[in-house]
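Peer 1: What follows is each chain in one-letter form.
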Amino acid sequence: MQHTLSVLVENKAGVLTRVTSLFARRGFNIDSLAVGVTEDPTLSRITLVVNAADTPLEQITKQLHKLINVIKIQDLNPADSVERELVMFKINAAPEKRHEIIEIANVFRAKIIDVGRNSLTIEATGSADKIDAMEDLFRAYGIKELVRTGKIALARGSRES
Amino acid sequence: MTKRMNGAEALVKSLEAEDVEVIFGYPGGVALPIFDALYDSKQIRTILPRHEQGAVHMADGYARATGKAGVALVTSGPGATNTVTGIATAWMDSIPIVVMTAQVATSVIGTDAFQESDITGITLPVTKHNFLVKDARDLPEVVKEAFYIATTGRPGPVLIDIPVDVSKGELDFAYPETVSLPGYKPTFKGHAKQIKQAASMISKARKPLLYVGGGVIASGAEREIKDLAELMQIPVTTTMMGKGGFPEDHHLWIGMPGMHGAKYTNYTITETDLLIGVGVRFDDRVTGKLSSFANKAKIIHIDVDPAEIGKNKLVDVPIVGDAKQVIAALVAELRKSGAEPKTEPWMRAIDDWRTNFPLHYQHREDALMPQYVVQRINELTKDRDTVIATEVGQNQMWACQFYTIRRARSWVSSGGLGTMGYGFPAAIGAKVGRPDSLVIDIAGDGSFQMNPQELATAVVNDIPVKVVILNNGFLGMVRQWQELFYGKRYSASVLAQDCPDFVKLAEAYGALGLRATTPAELDDVLTKAFDHPGVAVVDCRVVGEECVFPMVAPGGSIDEMLGGIPGCPVSEMLDDELLEEVWE
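Protein chains in written order, with our numbering: chain A, 188 to 348; chain B, -16 to 567.
The shape of chain A in the complex, shown without the other chains:
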């Protein structure tokens, strides 16, 4: 089962390695990873997506808690959280195809951020489902390059008291 872990850590050199190598040592593959500083510059938030059964996940969460630089871990339930991912597509776009591609981008509320002689670069955000759907449609034109940030997520405001 897929879990989204939101891990609040001290913003120090080497902390990301400590977190990710723990997953590697225990044989977990990380499906997606996003890291960035938080509102407090001494803290960073790591959003990790891992595929794991509940029991091994509990063990790895406990092990994560033991890392000195890890402050808080949340296993975010999709129903109680908002999640986004940003993606950029560079798509084959001969001049006569540009229009179609822009139409598709508009449907998904994506933005054209670069236009080349034979390509278009499109930026989109959204849930993984939406991005997967876009990717599927763009594939017909030929995707030259694709980059995803990895999922970021926050617990919904209604969960806080």
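Keep in mind the hints are simulated off the structure, nothing from the lab. Treat each hint with caution, since some may be false.
[Unchecked claim] In silico lysine-lysine, DSS-like type, Cα no more than 27 angstroms apart, as pairs:
#, chain 1, residue 1, chain 2, residue 2
1, A, K253, B, K209
2, B, K151, A, K199
3, A, K253, B, K294
4, B, K168, A, K259
5, B, K209, B, K176
6, B, K(-4), A, K199
7, A, K253, B, K471
8, A, K259, B, K172
9, A, K253, B, K51
10, A, K249, B, K168
11, B, K179, A, K249
12, B, K176, A, K249
13, B, K172, A, K253
14, A, K199, B, K168
15, B, K272, A, K249
[Unchecked claim] To list a few chain A residues with every Cβ distance to chain B over 12 angstroms, as calculated:
#, residue
16, F215
17, L220
18, N238
19, Q246
20, T248
21, R285
22, A315
23, M321
Heads up, the beta-carbon is just placed ideally off N, CA and C, and yes, glycines get one too.
Knowing the structure of chain A, use the given hints to seat chain B on it.
Peer 2: Here is chain B on its own, set in the frame of chain A:
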């Protein structure tokens, strides 16, 4: 009040502030500023080992024998990589040590500079935490944090990597009084409701069993364990790491569990209805096949590390907390409720097993049996304050089986990692910390040869430890497995009983070397060694092909032991009357 000084001096001042009295240190290029600063310390004694691995095992032995953090200091590159086995040993057994490694200058880190190694990267999986210090001004805080992390919660090794420009850099020294670690808050007090529930289960149990491990030693809870055991008349099994957590001459002590535990111990685990694990981790050498381990029992598990609870075996009542505090609270709760022990029939059943299935071996008059050597060491030292260190393998298991550990911190042995070559340097560390105790390394000829160079350290620094080698001319435990499971094909397990000549080896280092070949001469030789004011090595030429029994085959169920009556079910070993009483 601050004082201007360089990083190395600040490091030494910080160590002094942590009450460090001894450092096991091996110098080298980039470590020189630190060693230079140590030269002026009136508080810290620097002991030079002959190998960095020895330094870390010494720090570890010191920590196990005293309860204080042990400290090692080495240079960069190979000095640092040589510490890895020692660090991993301490990591597996949760021993508080602080290892400082010197590092190449920050300006050349990452350039494959001479004697550079990424030691914080290398030791990431085997340290509780590690630090790479990039600024001399951070040193005091890092030292404070390192000692705090190493010694609190579930203890463990901490490494500090110190680039040479950091040792030379200047700072205004002030030692911090507190640490600020927002992500590190070990739980000490157990949950009151869980403790209440555990107390209620204990008060009702007919066949309870205390299963006590290294956590009890780490927490200093031996008094509390004894209170609990005596109050409710609960038998106690101590794991190899828990030896000394309960006096082994007490009638409630029922031996060590697991692969080489006595039959009566493993039968007791199989039949218990309430297993109370304290500071244990349900290690595979204890449990054997997990599905049949204590499978008639409800399980209470007390541990300071939440990650250990439910890791291998599902438990009914988890209590996260420090053993000393939790057991004290449990005892208080039981006293308040006026609980009475109900274990008389249970203890009679165990005593019956104990009588019928004792640890035993065939004594010989014409040759030395290794078990007999351990028994004689036990007999000759029972009235002395003694610390027993062991190497790893058969020597270690016979020491477990035939030496009676009476007090906490008098047993120094590599458990989780099973590090050959550990015992001798660890004994040296223990002796440094406990100069008034008799410190004996019960060794095998294989293990001792992994770190014999530390004889120089012991002799030169006048650290009079005793080594008793159970010299059987084999890598004994490997040979045993080959005998039992590989058709006696002794592939790469044959040593030579007379090479080296351990007596001459000892003498070459200026130690007393003695040899015993028959039971008749053994007592005299051992007494001479133990009474000798200096370092002594006793070469006991024991019979070659002896096995440690009983033995649970790897992955087997612990009530099915080799070397006795294999597979005989418990029901056939009890008389019916007693059975009825226990089982009703």
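Peer 1: So, for every hint listed, does it hold in this structure?
Peer 2: Checked hints:
no., hint, result
1, A/K253 / B/K209, "violated, 30 angstroms"
2, B/K151 / A/K199, "holds, 23 angstroms"
3, A/K253 / B/K294, "holds, 14 angstroms"
4, B/K168 / A/K259, "holds, 12 angstroms"
5, B/K209 / B/K176, "holds, 23 angstroms"
6, B/K(-4) / A/K199, "holds, 26 angstroms"
7, A/K253 / B/K471, "violated, 45 angstroms"
8, A/K259 / B/K172, "holds, 21 angstroms"
9, A/K253 / B/K51, "holds, 22 angstroms"
10, A/K249 / B/K168, "holds, 13 angstroms"
11, B/K179 / A/K249, "holds, 25 angstroms"
12, B/K176 / A/K249, "holds, 22 angstroms"
13, B/K172 / A/K253, "holds, 17 angstroms"
14, A/K199 / B/K168, "holds, 19 angstroms"
15, B/K272 / A/K249, "holds, 24 angstroms"
16, F215, "holds, 14 angstroms"
17, L220, "holds, 18 angstroms"
18, N238, "holds, 21 angstroms"
19, Q246, "violated, 6 angstroms"
20, T248, "violated, 9 angstroms"
21, R285, "holds, 46 angstroms"
22, A315, "holds, 30 angstroms"
23, M321, "holds, 38 angstroms"
Hint compliance for this structure: hints 1, 7, 19, 20 are not met, and every other hint is.
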